[in-house]
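Asker: Given next are the chains, with one letter for each unit.
2 protein chains.
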Amino acid sequence: MIIDSHGHYTTAPPGLRIFRTLQISNMGRPVKGKVNISDDEIRSSLEKGQVRLLDERGIDVMLFSPMASAMGHHFGSARISRHWTEVSNELIHRVCTLYPDRFVGVCALPQSPGVSPRECGEELERCVTEFGFVGCNLNPDPSGGYWTDPPLGDEWWYPLYEKLAALGATAMVHASATCNPAFHTTGSHYLNVDSTAFMQLLESRVFKDFPTLRLVISHGGGNVPYQAARYRALCLMNKWEPFEEFITRLYFDTTVYDQEAMELLLKVVGVDNVMFASEMLGGVTTVDPKTSRWFDDNKPCLDAISWLTEADRKKIFEENVVRAYPRLGPILERRLQRTSPRI
Amino acid sequence: MIIDSHGHYTTAPPGLRIFRTLQISNMGRPVKGKVNISDDEIRSSLEKGQVRLLDERGIDVMLFSPMASAMGHHFGSARISRHWTEVSNELIHRVCTLYPDRFVGVCALPQSPGVSPRECGEELERCVTEFGFVGCNLNPDPSGGYWTDPPLGDEWWYPLYEKLAALGATAMVHASATCNPAFHTTGSHYLNVDSTAFMQLLESRVFKDFPTLRLVISHGGGNVPYQAARYRALCLMNKWEPFEEFITRLYFDTTVYDQEAMELLLKVVGVDNVMFASEMLGGVTTVDPKTSRWFDDNKPCLDAISWLTEADRKKIFEENVVRAYPRLGPILERRLQRTSPRI
Numbered sequence: 008m009i010i011d012s013h014g015h016y017t018t019a020p021p022g023l024r025i026f027r028t029l030q031i032s033n034m035g036r037p038v039k040g041k042v043n044i045s046d047d048e049i050r051s052s053l054e055k056g057q058v059r060l061l062d063e064r065g066i067d068v069m070l071f072s073p074m075a076s077a078m079g080h081h082f083g084s085a086r087i088s089r090h091w092t093e094v095s096n097e098l099i100h101r102v103c104t105l106y107p108d109r110f111v112g113v114c115a116l117p118q119s120p121g122v123s124p125r126e127c128g129e130e131l132e133r134c135v136t137e138f139g140f141v142g143c144n145l146n147p148d149p150s151g152g153y154w155t156d157p158p159l160g161d162e163w164w165y166p167l168y169e170k171l172a173a174l175g176a177t178a179m180v181h182a183s184a185t186c187n188p189a190f191h192t193t194g195s196h197y198l199n200v201d202s203t204a205f206m207q208l209l210e211s212r213v214f215k216d217f218p219t220l221r222l223v224i225s226h227g228g229g230n231v232p233y234q235a236a237r238y239r240a241l242c243l244m245n246k247w248e249p250f251e252e253f254i255t256r257l258y259f260d261t262t263v264y265d266q267e268a269m270e271l272l273l274k275v276v277g278v279d280n281v282m283f284a285s286e287m288l289g290g291v292t293t294v295d296p297k298t299s300r301w302f303d304d305n306k307p308c309l310d311a312i313s314w315l316t317e318a319d320r321k322k323i324f325e326e327n328v329v330r331a332y333p334r335l336g337p338i339l340e341r342r343l344q345r346t347s348p349r350i
Numbered sequence: 008m009i010i011d012s013h014g015h016y017t018t019a020p021p022g023l024r025i026f027r028t029l030q031i032s033n034m035g036r037p038v039k040g041k042v043n044i045s046d047d048e049i050r051s052s053l054e055k056g057q058v059r060l061l062d063e064r065g066i067d068v069m070l071f072s073p074m075a076s077a078m079g080h081h082f083g084s085a086r087i088s089r090h091w092t093e094v095s096n097e098l099i100h101r102v103c104t105l106y107p108d109r110f111v112g113v114c115a116l117p118q119s120p121g122v123s124p125r126e127c128g129e130e131l132e133r134c135v136t137e138f139g140f141v142g143c144n145l146n147p148d149p150s151g152g153y154w155t156d157p158p159l160g161d162e163w164w165y166p167l168y169e170k171l172a173a174l175g176a177t178a179m180v181h182a183s184a185t186c187n188p189a190f191h192t193t194g195s196h197y198l199n200v201d202s203t204a205f206m207q208l209l210e211s212r213v214f215k216d217f218p219t220l221r222l223v224i225s226h227g228g229g230n231v232p233y234q235a236a237r238y239r240a241l242c243l244m245n246k247w248e249p250f251e252e253f254i255t256r257l258y259f260d261t262t263v264y265d266q267e268a269m270e271l272l273l274k275v276v277g278v279d280n281v282m283f284a285s286e287m288l289g290g291v292t293t294v295d296p297k298t299s300r301w302f303d304d305n306k307p308c309l310d311a312i313s314w315l316t317e318a319d320r321k322k323i324f325e326e327n328v329v330r331a332y333p334r335l336g337p338i339l340e341r342r343l344q345r346t347s348p349r350i
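Chains A and B supply the protein sequences, listed in that same order. In terms of the working numbering, the first sequence is residues 8 to 350. In terms of the working numbering, the second sequence is residues 8 to 350.
In case anyone wonders, no lab produced these hints; they're calculated from the structure. We treat Cβ as the ideally placed atom computed from N, Cα and C, and that holds for glycine. Hints should not be assumed to be uniformly reliable.
Okay, derived cross-link-like pairs now, PhoX-like style, lysine-lysine, Cα gap no bigger than 20 Å in a straight line [to be verified]:
{"id": "1", "chain 1": "B", "residue 1": "LYS215", "chain 2": "B", "residue 2": "LYS170"}
{"id": "2", "chain 1": "A", "residue 1": "LYS274", "chain 2": "B", "residue 2": "LYS170"}
{"id": "3", "chain 1": "A", "residue 1": "LYS246", "chain 2": "A", "residue 2": "LYS215"}
{"id": "4", "chain 1": "A", "residue 1": "LYS306", "chain 2": "A", "residue 2": "LYS321"}
{"id": "5", "chain 1": "B", "residue 1": "LYS246", "chain 2": "A", "residue 2": "LYS297"}
{"id": "6", "chain 1": "A", "residue 1": "LYS297", "chain 2": "B", "residue 2": "LYS274"}
{"id": "7", "chain 1": "A", "residue 1": "LYS274", "chain 2": "B", "residue 2": "LYS297"}
If you anchor each label on the Cβ, the simulated ranges turn out as follows [said to hold, decoys possible]:
{"id": "8", "chain 1": "B", "residue 1": "PRO166", "chain 2": "A", "residue 2": "ASP46", "range": "54 to 60 Å"}
{"id": "9", "chain 1": "A", "residue 1": "PRO157", "chain 2": "B", "residue 2": "THR155", "range": "18 to 24 Å"}
{"id": "10", "chain 1": "A", "residue 1": "ARG24", "chain 2": "B", "residue 2": "ASP310", "range": "52 to 58 Å"}
Start from the sequences and build out the full structure, keeping to the hints where you can.
Answerer: Below, the structure is given as C-alpha cells:
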C-alpha cells in the first residue's frame, strides 16, 4: 500500500472562500454561520485534482487536512479562528465520508496568538472521536511570522500534548500563512517553522515528559538534514540527548522534490522515521524541466534511490505512517476488508 | 593560498564585555567611552585561539569581523548600537594592524530596528576607507527575531546598497543574537535569517537595480541547497529569473560541517560561487566523534570531495573570495610582496 502522509484541501470549492470573506465583513460580531458547498462540488473539486493524481501516481490513501496557509490563525479573534477551523474540519469530514477509501482526515486546530493551546483540545477530540481523524496540524507560530507565543518546549503547550497522548493522536508541525512582509509563506515561513520547531524540541524536555507523543516535521524537516552537523554539535556541547537518538523520536516527510535531497533526508533521519508525502496540490504546482514531471510527483525520486531495499520502501510508503499515526491502522484494516475481493 | 572567508573575534579580551556591561548600566545617558584592552591582551587572545588554529590547519588568511551574536542590534537605542559597533570595529582594526598577514577586516554595522540603513553608511565608509576593511556583516533582522523591519528587497535597504556599490565593498548576510524565546541563536535564528534573506532577494529586483552588488549568504545558505527544488519551482511558477541563474548572483560559504552537506552545496550553487569558511571559533566548538576532528576543522571535508578538480579547489579557497570581495585583491598582493622571499 502507498500512503501519502501529507495533503491539504487546496482545491476546496468557492463556498469555503465565500464563508471566509463573510468572516472579514462581520469580524466585529462573529457568528459561525454555514458553508454552502454541495457534495457534487466536493466530488468535482477532487476528481479533477487530488483523486485523479492519486490514481495516476498509484497512491492508495492520502492523509488529508484543511488548506494550511488558509487557516490564518493570526486573523481575528479566537472565536473567529474557532468558527473557521470547525467549518474547515467539517468539510474534510465530508471529503472522507465521500471517499472513505482514499482520504483519512487530519484536522486543523483553532489556534490564536496568545490563547492557550488548551483551548484546542475540544475540537481535536471532536475530530478524532466523532469524525475518525488520526491527528492534527500544529502551528508553532499562530502570530503568522512574529513568533509571539512560547516555544514548543514550554509548558504552555503541555495541555495539547496531554490531549494528543490521551487520544493516541498525532500532530504534524505545519505553519499557516505569514502576515509578516519579511517572509514568503511557502518559500521561507513554512521552512523556518519546521526548522525552528525541531530546534525548540531538541532543547526541550518534551519527549521526557511525553514519551509516547508522536510529532511529524513536514517539508523534509526544513533545514535539518542539511544542517545536521550543526545540530549534532549543539547536542554534544550542551550534553543533550545525542542527535542520532533524538531524531528517531520524530517523523519526517518526503516533501522535498529532488532525489539528492531525499537521499540526504533518509541518511540523516534513517529509513524508520521518514514517511512518503507529496503535499499535492501544494506549494510547487508546476512541471520540473529537469524531469518533465510535476515537482510534487515525487514518488519517482524515492523509486530511483537504488540503495533502498524493498523492506525500506514498505516502511516509507506504509509502515512508518501507521506507526506515526496509531489511529490509522484500524482504519486501513477496515478499508482492506471493504476493498479486497471476496474469496 | 587558503582564505577562510568567515571568522569572528569570539575570543575578544574581557575589556570588551566590560564596555558592554557599562552600556547597560548607563543606557539612559549613553556615551561612547573607551575600551581598555592592551595589544598584549589582543595577541594572547588570538595566539591561543584563531592564530594557532589557522597555523595548525594550514589557512593563510581569515576575513575577520566582530563577534556577530554579541552585536545585539535590538539592545538599546540607535546611539548605543553606534557606540558599540564603533568600538567593536576599532578592535578588529587593531587585530588587523597587529596581524596584517593573517586577518583582513570586515565590519559590523550600527543597525537598530526601525532605523534607516542609510545611517550605517558613515561607519561602513570609515571602516573601508580608513581601516582598509573589505566589507561588512549585514543583519536583515535588527529586532533579533521579531522581524519588524522591511525585507531586503525593499527600498528601505537601498541607501546601504548604494554605499556598498560605491565603495566596492561586500556584505555578508549574518544575524546577531535573538532576543525572541522562540529561537536558538546559532541553532535556528542564524539559519532562518540566511534562508529568509535568500528568499527575500529571490523575489526582489535588488540585482536588477544593483547589478554589481556583492552579497554573501553564510552558514552554507541555511536551507537553500537542500530545499533547492522548492525554490526552483517558485521561480518557474512566478516567472522570476531562473534559480540556476539567480544563485550565481550570490556567494555562499562552507560553514556546514559535513562532507555530504558540502557536496550538496557545491552541486546546487556551483564551484564558482562557494567560498571556503570555517567560522572558527564559532557555533560548533567541540570535537566530532565521527571524525575525531573539531567540527569547525572543516577543510578536510572539502579535501575529501574527490570530484573537485585542482582548479575548482583554487576557486573555492582563493579566487571566489577575491571575486566576492573586490577590495581583497590589492591587500593580498601587498601581503605577497611582504611575505615572499626576496630573490
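Asker: Does the beta carbon distance between PRO166/B and ASP46/A stay inside 54 to 60 Å, or does it fall outside?
Answerer: holds, 58 Å
Asker: Within a Cα-Cα threshold of 20 Å, do LYS306/A and LYS321/A meet the stated pairing?
Answerer: Holds, because 13 Å separates the two Cα atoms, which is no more than 20 Å.
Asker: For the pair supplied as a hint, LYS246/B and LYS297/A, confirm whether the alpha-carbon distance does not exceed 20 Å.
Answerer: Holds: LYS246/B and LYS297/A sit about 16 Å apart, inside 20 Å.
Asker: Return holds or violated for the Cβ distance of PRO157/A and THR155/B against the range 18 to 24 Å.
Answerer: holds, 19 Å
Asker: Measure nothing beyond the straight line between the CA atoms of LYS274/A and LYS297/B; if it is 20 Å or shorter, mark the hint as holding.
Answerer: holds, 15 Å
Asker: Is the hinted pair LYS274/A and LYS170/B satisfied, with a Cα-Cα distance of at most 20 Å?
Answerer: Judged against 20 Å, a Cα distance of about 45 Å means the pair is violated.
Asker: Between ARG24/A and ASP310/B, does the C-beta distance stay in 52 to 58 Å?
Answerer: holds, 56 Å
Asker: For the pair supplied as a hint, LYS297/A and LYS274/B, is the alpha-carbon distance within the 20 Å limit?
Answerer: Holds, at roughly 15 Å.
Asker: Decide if the proposed pair is consistent with the structure: LYS215/B and LYS170/B, CA atoms, cutoff 20 Å inclusive.
Answerer: At roughly 16 Å apart (the allowed maximum being 20 Å), LYS170/B and LYS215/B satisfy the hint.
Asker: With the threshold set at 20 Å, check whether the alpha-carbon distance from LYS246/A to LYS215/A stays at or below it.
Answerer: holds, 15 Å
Consistency with the previously given hints fails for number 2 only.
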